[in-house]
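Q: For this one, chain A is given, so just place chain G on it according to the hints.
One line per chain: the protein sequences are A and G, in this order. Each number in the working numbering comes from the position in the first sequence (counting from 1) with 7 added on. Each number in the working numbering comes from the position in the second sequence (counting from 1) with 1203 added on.
Note that these hints are calculated values from the structure, not bench results. Take the hints with a grain of salt, since some may be wrong.
[To be verified] Simulated crosslink set (DSS-like; lysine-lysine; CA at most 25 Å straight-line): (1) A:K52 with A:K9; (2) G:K1304 with G:K1273; (3) G:K1258 with G:K1206; (4) G:K1216 with A:K49; (5) G:K1256 with G:K1304; (6) A:K49 with G:K1206; (7) G:K1258 with G:K1221; (8) G:K1274 with G:K1256; (9) G:K1221 with G:K1273; (10) G:K1304 with G:K1258; (11) G:K1273 with G:K1258; (12) G:K1260 with A:K52; (13) G:K1221 with G:K1260; (14) A:K9 with G:K1304; (15) A:K9 with G:K1260; (16) A:K49 with G:K1304; (17) G:K1206 with G:K1273; (18) G:K1274 with G:K1260; (19) G:K1304 with G:K1274; (20) A:K52 with G:K1206; (21) G:K1274 with A:K52; (22) A:K86 with A:K52; (23) G:K1260 with G:K1273; (24) G:K1221 with G:K1256; (25) G:K1274 with G:K1206; (26) A:K52 with G:K1304; (27) G:K1206 with G:K1304.
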Amino acid sequence: RKEVEQDPGPFNVPEGATVAFNCTYSNSASQSFFWYRQDCRKEPKLLMSVYSSGNEDGRFTAQLNRASQYISLLIRDSKLSDSATYLCVVLYNNNDMRFGAGTRLTVKP
Amino acid sequence: DVKVTQSSRYLVKRTGEKVFLECVQDMDHENMFWYRQDPGLGLRLIYFSYDVKMKEKGDIPEGYSVSREKKERFSLILESASTNQTSMYLCASRQQGDNEKLFFGSGTQLSVL
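The following block holds chain A by itself, in its conformation from the complex (with noise of 0.2 Å):
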């Protein structure tokens, strides 16, 4: 079983359209928990980091549910832009950062 797994997708969705990613991670002593994007043929960059109370940063909304494993990105008034791959993240100590293969989304006019 994989640390860190997320759905691959592709998720297709039209303008405007709310749509949701889950991840699961498989180590409970996990410390931080992020999502980072990734366009295509270029390098990941980060989006935003998870908090335990849940997170909200313009049209992304990040939350986690420790006693579940897993964490989640809703993404609200889909633009043609937020299509890319976008990777969750656990680290586990200061230098074990945890990589799901990403999921695919296209947001399509």
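A: Leaving out everything else, chain G in the frame of chain A:
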């Protein structure tokens, strides 16, 4: 803004060749990392370094070695390239103590024929 520069965007090598992938960061970060990214597998850590001359094995170090002689430069070495090392290689750096942000280079797509 932090810049992480990888020396080559695309590289084609033959089986058995020794390959050097270079990475330079300009923000005085202590921590540097080498990942490879393969479809369906995500990013896997090969090696990382806390500081100059220090290195730690990641999840898949076999067939690779690294060198960190200067703080800004972290080199990945494939001693004898094999076809299963064909992959996208991503270098990253991070400030010690700042767990949030990992800065990546733009990647090197290596093909071993």
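Q: State for each hint whether it applies.
A: Here is what the structure says about each hint:
1. With a CA separation close to 22 Å, the supplied pair K52 of chain A and K9 of chain A stays within the 25 Å bound.
2. Pair hint K1304 of chain G plus K1273 of chain G holds up; C-alpha atoms about 22 Å apart against a cutoff of 25 Å.
3. A C-alpha spacing of about 21 Å is found between K1258 of chain G and K1206 of chain G, which places the hinted pair at or below 25 Å, so the restraint holds.
4. Between the alpha carbons of K1216 of chain G and K49 of chain A the distance comes to roughly 22 Å, so the proposed pair stays at or under 25 Å and holds.
5. A C-alpha spacing of about 23 Å is found between K1256 of chain G and K1304 of chain G, which places the hinted pair at or below 25 Å, so the restraint holds.
6. With a CA separation close to 14 Å, the supplied pair K49 of chain A and K1206 of chain G stays within the 25 Å bound.
7. Proximity of K1258 of chain G to K1221 of chain G is assessed by CA-CA distance (about 20 Å); at most 25 Å being required, the pair is judged to hold.
8. Taken as a hint, the K1274 of chain G and K1256 of chain G pair is honoured in the structure, with Cα atoms around 9 Å apart against an allowance of 25 Å.
9. A hinted pair counts as satisfied when its Cα atoms are at most 25 Å apart, and K1221 of chain G with K1273 of chain G qualifies at roughly 21 Å.
10. Between K1304 of chain G and K1258 of chain G, the direct Cα distance comes to roughly 20 Å. Compliance with the 25 Å bound is thereby established for this hinted pair.
11. Of the supplied pair hints, the one linking K1273 of chain G and K1258 of chain G holds, its CA atoms being roughly 12 Å apart against a limit of 25 Å.
12. A C-alpha spacing of about 24 Å is found between K1260 of chain G and K52 of chain A, which places the hinted pair at or below 25 Å, so the restraint holds.
13. Taking the CA atoms of K1221 of chain G and K1260 of chain G, the gap is about 20 Å. The hint holds against a cut of 25 Å.
14. At roughly 23 Å between alpha-carbon atoms, K9 of chain A and K1304 of chain G fall within 25 Å of each other, so this suggested pair holds.
15. At roughly 19 Å between alpha-carbon atoms, K9 of chain A and K1260 of chain G fall within 25 Å of each other, so this suggested pair holds.
16. A threshold of 25 Å between alpha carbons decides the hint, and for K49 of chain A with K1304 of chain G the separation of about 17 Å falls inside it, so the pair holds.
17. Proposed proximity of K1206 of chain G and K1273 of chain G is supported: the alpha carbons are some 16 Å apart, at most 25 Å.
18. The suggested pairing of K1274 of chain G with K1260 of chain G holds, with an alpha-carbon distance near 18 Å, which does not exceed 25 Å.
19. Taking the CA atoms of K1304 of chain G and K1274 of chain G, the gap is near 18 Å; set against the 25 Å cutoff, the hint holds.
20. Taken as a hint, the K52 of chain A and K1206 of chain G pair is honoured in the structure, with Cα atoms around 12 Å apart against an allowance of 25 Å.
21. With a CA separation close to 22 Å, the supplied pair K1274 of chain G and K52 of chain A stays within the 25 Å bound.
22. About 18 Å separates the Cα atoms of K86 of chain A and K52 of chain A, which keeps this hinted pair within 25 Å; it holds.
23. Of the pairs offered as hints, the one joining K1260 of chain G and K1273 of chain G holds, with about 19 Å between alpha carbons and a cut-off of 25 Å not exceeded.
24. At most 25 Å may separate the alpha-carbon atoms for a hinted pair to count; K1221 of chain G and K1256 of chain G meet this at roughly 21 Å.
25. Using a Cα cut-off of 25 Å, the hinted pair K1274 of chain G and K1206 of chain G holds, with the two alpha carbons roughly 14 Å apart.
26. Restraint check: the Cα-Cα separation between K52 of chain A and K1304 of chain G comes to about 8 Å, which is no more than 25 Å; the hinted pair holds.
27. Between the alpha carbons of K1206 of chain G and K1304 of chain G the distance comes to roughly 13 Å, so the proposed pair stays at or under 25 Å and holds.
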